[in-house]
Amino acid sequence: MKSISLYEEKASFVHDVDPITKLWYIPFAILIPIILPSFTISFLFIGLSLVLLLGAKVIRKTIPVFGFVFLILITVVLIQGMFKPENETVLFQIGPLTMYKEGLLFALTITLRVINIICAFMILVLTTKPSDLVEALVRKGMSPRIGYVIVSVFQIIPEMMATMSTITDAQRARGMETEGKLLVRIKAFIPLLGPVVLGSLINTKERAMALEVRGFNSQAPKTYLYEEKTYQFSKVLQIGMLLLTMAAVSWRIFL
Amino acid sequence: MIKIANLSFSYNKETRVLSGINLEFDRRSTAIIGQNGAGKTTLVKLMKGLLKADEGKILIHEHDVSGKTAAQLARTIGLVFQNPNDQIFKRTVLDEVMFGPLNIKMDKQTAKEKAIEALKMVELDDKLEMNPHDLSLSEKKLLCIASVVAMDTDIIIFDEPTIAQDHGGKEKIRQIIQALKDKNKLVMTIIHDMDFVAENFERTIVFNDGQVLLDGETRDVFSQKELLKTACVEAPGITKLAERLGFKDTVLTVDEFINMKKTYSPPQ
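Line by line, the protein sequences give chains Y and D. Residues 1 to 255 in the working numbering are what the first sequence spells out, letter by letter. Residues 1001 to 1268 in the working numbering are what the second sequence spells out, letter by letter.
With the rest of the complex left out, here is chain D (with noise of 0.2 Å):
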């Protein structure tokens, strides 16, 4: 779906952001991790084509995006920010909603049925003609998130989803990237949020220096303890626990724990 070959990317000449990235992204929910700084915002800028590589190529669909601007790719890839004050414009919610739909060309009727159908998913449709500024921190985040749901594209990224969610808050964006998997999109994240990644997403990239460290299952990720480290990354709480605890299997559950505890004996 995105093929990334030798990508390198500088904002200035002296320090290097990201150099030689070679990825591969299939419909796989993929976790980006790392420390800040490792690149992982400058990555996803690049795929979206806010910024422009100094090296390398990104093929989307197998489409270069070095000749797109961020707008064009608006119909292939969505991106939703970390920061929902950054990305509210208009003045109710259905409007806000109807923003990217409108801006790609969609027909109104069609733009409408979305952004309700996309409000819906993170229950904010009975509050359609608020003004958006009016919600708590965390209603405008899942606003923002249906903002660009209901745009419909192939590949959804998500910046930092569980930022400022409670528990509640936390379930809704797990159901809503569940929704995106079951309709065949590439979910996508940048998160520190280690047991959501490990609860949610197959696949996991840790990114280290602007380079890619750790890529694989994410049950293999969260077992290479040494070079998790050397990134600055914690496994969860859960995975660490079972490893103290001597289970031989990495464990990414609470669910997963109490199965092996039912049938693991302890050392003598």
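Same shape as in the complex, but just chain Y (with noise of 0.2 Å):
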């Protein structure tokens, strides 16, 4: 079954990292170029995820999240720098389309922490495990409920898909046209719904039973399926971030 996590195993010391740490940081990278809104901090940080993702090994697997994001950005370039009210210097003039210096800096402020964002989520997703990291939040207190709820959703998603595609088989085989035009595609997927929700809802009460008798929710202490993930030095990483943010906090108000 084809699995809906982008994660890519890969040796690598980012790999090496715990979860908690790359989930520290990933505030850590979006909170201090705006704390501290220069364009050379935000590059600063945006050089510093691109240098972890290629130490990961795993920029390609960006391309095709940046090839969406960028598409979006392109439309807010075009906008802030035609139409942003403040805009007062013509930067340059293609045709009737005027660009103005005020917006496009805006735009690239945006554009920059887009980024900014998307790649700290980027080393966390595309390194960890879904499971490492619900399992090292269930160890920092999060509620073994909510952790099987979002462990499930990697389970059930690809699931669903496998189910419809059996479905759509199943039509197709009885002589239902699901190929085509967009009519014929519509048609085909309203008798679609029935058997994946109903097939669904079925699963649902099986899993919910299945968990049931497996002691689910037993009130006493649980043993963890896998072995901690720790990294030598994830309390000095941890650490330096917060007193990083800190001190950036403290840049702003007094300096």
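Just so you know, these hints were derived from the structure itself, not from any lab. Among the clues, some could well be false.
[Unchecked claim] Computed list of lysine-lysine pairs in DSS-like fashion (alpha-carbon distance at most 27 Å, straight line):
| hint | chain 1 | residue 1 | chain 2 | residue 2 |
| --- | --- | --- | --- | --- |
| 1 | D | 1052 | Y | 187 |
| 2 | Y | 181 | D | 1105 |
| 3 | Y | 205 | D | 1090 |
| 4 | D | 1114 | Y | 187 |
| 5 | D | 1068 | Y | 187 |
| 6 | Y | 181 | D | 1114 |
| 7 | Y | 57 | D | 1013 |
| 8 | Y | 181 | D | 1090 |
Two chains, each in its own frame: build the complex with the hints.
Laid out in structure tokens, this is it:
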């Protein structure tokens, strides 16, 4: 079954870092460029994240994500560059379209922030198994029920996709055309809903019973399935990120 | 009826699921057996047009299936899927069985007649207005069989028909297969129930690692003990019993066993 997780199994120092430290990196990398709003800081953090992605050997996996994000960012650049209310200084003209400096600078700020956020999340998502992350969070006190809900999403969605594909095959086998024009596809989609939804409900009921008979709701302390992932410098990194964030806040307030 | 030439298929670049398959199917009822992952279901999906071959050809009634959609092939070849819950779309038993015939442009009256006839065959004709999801698993399976039988195709393929069936259900399926054979249809099945194969199918094809390991009369296939072991397939219980008792011929059914036992004298 095809997984919906973007995790890429590789041997790298980024993969060795524990999930909680990588989780810490996200607010750290997002907050500092906001607290210190200079292009230099933004470029610095994007550079750092890209180096980490390169070090983790997962940079290729980010291309489709950035491809999609850039498509949206182009519209931001065009709209802000041409129509921002504060636009005054004309930078250049292409036919009837005028681009303004103020709008483009604002669009650049947004673009850098978005890229920075995506990079920070990518480090976590591409180098951490969802089950490792959830188990690490449960160890830190998150409810195992919420943990199970998160992990089960990664199982149920591919299962539903596989079921939909089987049901479509069953429809086609009984003479229903599912390929071709949009109308044909819509017509084929409606009978698909019944078995998929009903199947999911039956599965949910059975899954709940299976969990119950295997002691899911037991109040006794649980043994974890996987060994805790530890990293020797995780405390140093976490404290370092916290101190740097505090320093950035102080810089902003007092200097 | 069906001619397969040099057929190869893979789901991804790394693993080839079927390679160089050459087969011809006549009207003989045929069982396709082999361990899980051997390529049985993939072959059937290729024949049905649900998958497209990487190489090779499949001809049904001399027509190449490669250019046809599964829906177009539905007039010629019917496939009963393994899990009934994946193939029930309608709110009543009758509507469910009429779904296929109406899709292949049968007129409503004929579709209804064919549906009722098929439902009689599986003994569900007293449940026409019932919601299919209220039927037992075994009945749902029979409903799915009726849904395909009602389409009156020349070729009918069953994927694991005996799963979730008790003795009575198996007996019903045996009768349905016999009725279809009597109508001169090609009945094929993918199955792991070797006793059922021995009792009901004239020809057996054994798949192993995406290739045909054995193909022939069911009796001949079940006599190839060593080759069957390669494909992780066991002969039917009665066949093994007869062999252990020293019977020279391959026995396929209990009746055959009893008849042979009467004439058999154990070695001194």
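Hints versus structure:
1. D:1052 / Y:187: Holds, at roughly 23 Å.
2. Y:181 / D:1105: With a Cα-Cα distance of about 19 Å, the restraint between residue 181 (chain Y) and residue 1105 (chain D) holds, given a limit of 27 Å.
3. Y:205 / D:1090: 22 Å, holds
4. D:1114 / Y:187: 25 Å, holds
5. D:1068 / Y:187: 20 Å, holds
6. Y:181 / D:1114: 30 Å, violated
7. Y:57 / D:1013: Distance of about 23 Å is within 27 Å: holds.
8. Y:181 / D:1090: Given that 27 Å is the threshold and the Cα spacing comes to 24 Å, the pair holds.
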